[in-house]
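These protein sequence lines map, in sequence, to chains F and X. Heads up: the first sequence begins at -11 in my numbering, then just goes up one per residue. Heads up: the second sequence begins at -11 in my numbering, then just goes up one per residue.
Among these hints, one or two may not hold up.
Using C-beta positions, here's what the derived DEER-type ranges look like [unchecked claim]:
1. X:Arg173 / F:Asp325: 53 to 63 Å
2. X:Glu93 / F:Ala53: 15 to 25 Å
3. X:Asn149 / F:Ala165: 54 to 64 Å
4. X:Asp88 / F:Gln9: 53 to 63 Å
5. X:Asp310 / F:Asp3: 51 to 61 Å
6. X:Glu263 / F:Glu93: 17 to 27 Å
7. F:Val13 / X:Ala210: 56 to 66 Å
Honestly, the hints are just simulated from the structure, not real lab data. By construction, the Cβ of each residue, glycine as well, lies at the ideal position given by its N, Cα and C atoms.
There are 2 protein chains.
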Amino acid sequence: MASEYGGMWKSLGMDLGAHDQLLAVLGQGYTDVFLSQANRPKGMDYFNFVMSEVHGLRIKEMLEAREQGEKIVGSYCVFVPEEIVRAAGATLVGLCSGADFAMEEVERVLPRNTCALIKSSFGFKLGKVCPYLESADMIVGENTCDGKKKSYEELNKLVSNLYVMDLPQTKSENARALLKAEFVRFARAVEELTGNPITVESLKKGIAITNAKRQAMHRLEALRKADPEPISGLDALLASQVSFYDAPVRFTESVNALCDELEERIKDNVAVFPEKTPRILMSGCPMAVPNWKLPWIVESSGAVIVGEESCVGERGLRNLTDDSGQDVESLMEAIVDRYFKIDCAIFTPNEDRADHIVQMAKDYKADGVIQYALNFCQPYQIEAMGLESRMEKEGIPMLRIETDYSPEDAEQLKTRVEAFVEMIG
Amino acid sequence: MASEYGGMWKSLGMDLGAHDQLLAVLGQGYTDVFLSQANRPKGMDYFNFVMSEVHGLRIKEMLEAREQGEKIVGSYCVFVPEEIVRAAGATLVGLCSGADFAMEEVERVLPRNTCALIKSSFGFKLGKVCPYLESADMIVGENTCDGKKKSYEELNKLVSNLYVMDLPQTKSENARALLKAEFVRFARAVEELTGNPITVESLKKGIAITNAKRQAMHRLEALRKADPEPISGLDALLASQVSFYDAPVRFTESVNALCDELEERIKDNVAVFPEKTPRILMSGCPMAVPNWKLPWIVESSGAVIVGEESCVGERGLRNLTDDSGQDVESLMEAIVDRYFKIDCAIFTPNEDRADHIVQMAKDYKADGVIQYALNFCQPYQIEAMGLESRMEKEGIPMLRIETDYSPEDAEQLKTRVEAFVEMIG
């Protein structure tokens, strides 16, 4: 890939040598984790291709569209309202935060005790290896957890186009008013960036594109309720991960094509794991590309992952935006309503999330739940402690895992996961 | 003390055996750290007495007042508006959070990677050793950092009288509106608790009591600008710490009496440390009683602490509330104005704090600044990283310390502090 896109990456100011190393590791990881799987659906070929071109063709396509005036907005969080970005004719992409890079440099600007996701986002910037970040016309940060909120102050010293969105911490009326005001402010900022006014028509289009993507993912999720599973948890996670990068309409088509195939598979009783494979619900922190460590360990330990209660999964995708409003104001209200339901652990209290985990465990016929938290992610770590008693009451076995992106604890994690799988099997 | 107050503590549901142990350690610590100091002002006798009776006479007095209808409100944060509590005729006290206790039990409900202050507050509850907590009619939590915000969900399972105040994360107009709404809601809650309506007169009285306390502390702080210092940093910190517990009017008188003496000392050139002792400004996380580890290390390493940029120090005390309003609404606005200025690291951006540190370093003629953060306190840890370049630009030497309440790292800290003191001396 390097030779073909070298000029493009260079023009983005990237470090080609470092980037080549990253791509080599990423490619090897993808081969080991994904291509080694048995009995994958053919529909995953599309995702293999997307991943092989994740820093190449997709960037080229985005840059070409930018030549035609389509601005690029980068984000680190599912609270950034995609409907509004699309309404202004811009592209929304998730920014790299799933792998350790340039950690020595990172720890000169952030405390060592910062979660891997935040450190990673800084590593990609400091190491100059994220073409999404370097292509973005606007980078959106958000006041979610302390780590992100405070680290954006440091990121602001490294980039010139950071926009920070404030977010509420409760689900009170005042909190909703804050979210509304921030979404309105964001809409103005995106209009200014693109020069395109947000209208009823463009908002409806933005909502339609975004809802269609979510609906395709809902379809995929529903098919994972089948027993045996027609698709691995890793492949389904990959689809969620790719949803942050890919052109949305093409992505939607590809997921729907995959779902057509999975429906056939279910009819024909074609599965990726044997019957009675223990079914696990993953819950907790988001897993950005290429953070596949724990799912890989789970699915190579005799279990199948049937769902993700995560921002890269159902927490990020589950609610649709009501598109019935007939003016900008009511559509904006509908967007606020939709995002205000997100049960991120930054909210307090956050009982909805516990209820949702229980519901998912039932819907997906999970035999157990793995609560996954990144080290130093206090919101999800503390919720995981509280969830233990709730899951016990519900009779749902739960394993609490805290880890980061380093491979060092893989063996230890595997031992714990295997013991858990054996227990619930 | 045990025999005299045993019945009282028992009636509060405390664990007498555990509490005796705590008091023994606390008493020994106080003797080692405070009573061993040379050349202390006589005015510190009052604070010695207060500390010797911190769980005894002060609790007795509060409980007696409660018999007469004076409710007790406990708090963990300087954002809880004392003016409003006093206006409703209630007492505001800081709750225990300065020492490790019952850590094994704490780590069953909170992640190990939680800051010492939060763990301590849980330890005092789980160990049943905080008479303030057990006396409180209302415990106020606040959505400041992730650790506190999320841990209140767990505390809510341990106590029946927790009130959680939401707080903003920025200094925007919407953020101020949120603080205002939360202070109004809190005023209603305190009125309901006490049965006393908050009126212009009672608010003015609440503001007067609280401002007088702050003004006395400002006087004390101003006297610490003298070189050589008429009072140790430890003793001045103790006054700040006691301000959270003591009856406010008596406290104000005692600080003013101490200041009278310090003025005489300055006139007579009586000091606690030799001339040219290196002067250090402490900055960062709050130090609750009996968290004296780092100041003790500093002042036994040949330096004197001249100021605290901390919630237990100038950050908590520096601004007065305007008392000129003639109705409840304008007095409430003045209270909001005053608290909205607090430059806590939970805000983003928080440039005011950096400016304040530079200003304090100049005002107090500090030779260096120690940035103190509790382990896992992301807001202050991340700000400390960012402050390094600012302090370098200002030519102010800075040392970054991360620690907790355990004595284990004391030797290592002493080595680092001594090297810093030597460098700036």
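Checklist line | Violated hints - listed by number, lowest first | finding: 1, 2, 3, 4 and 6
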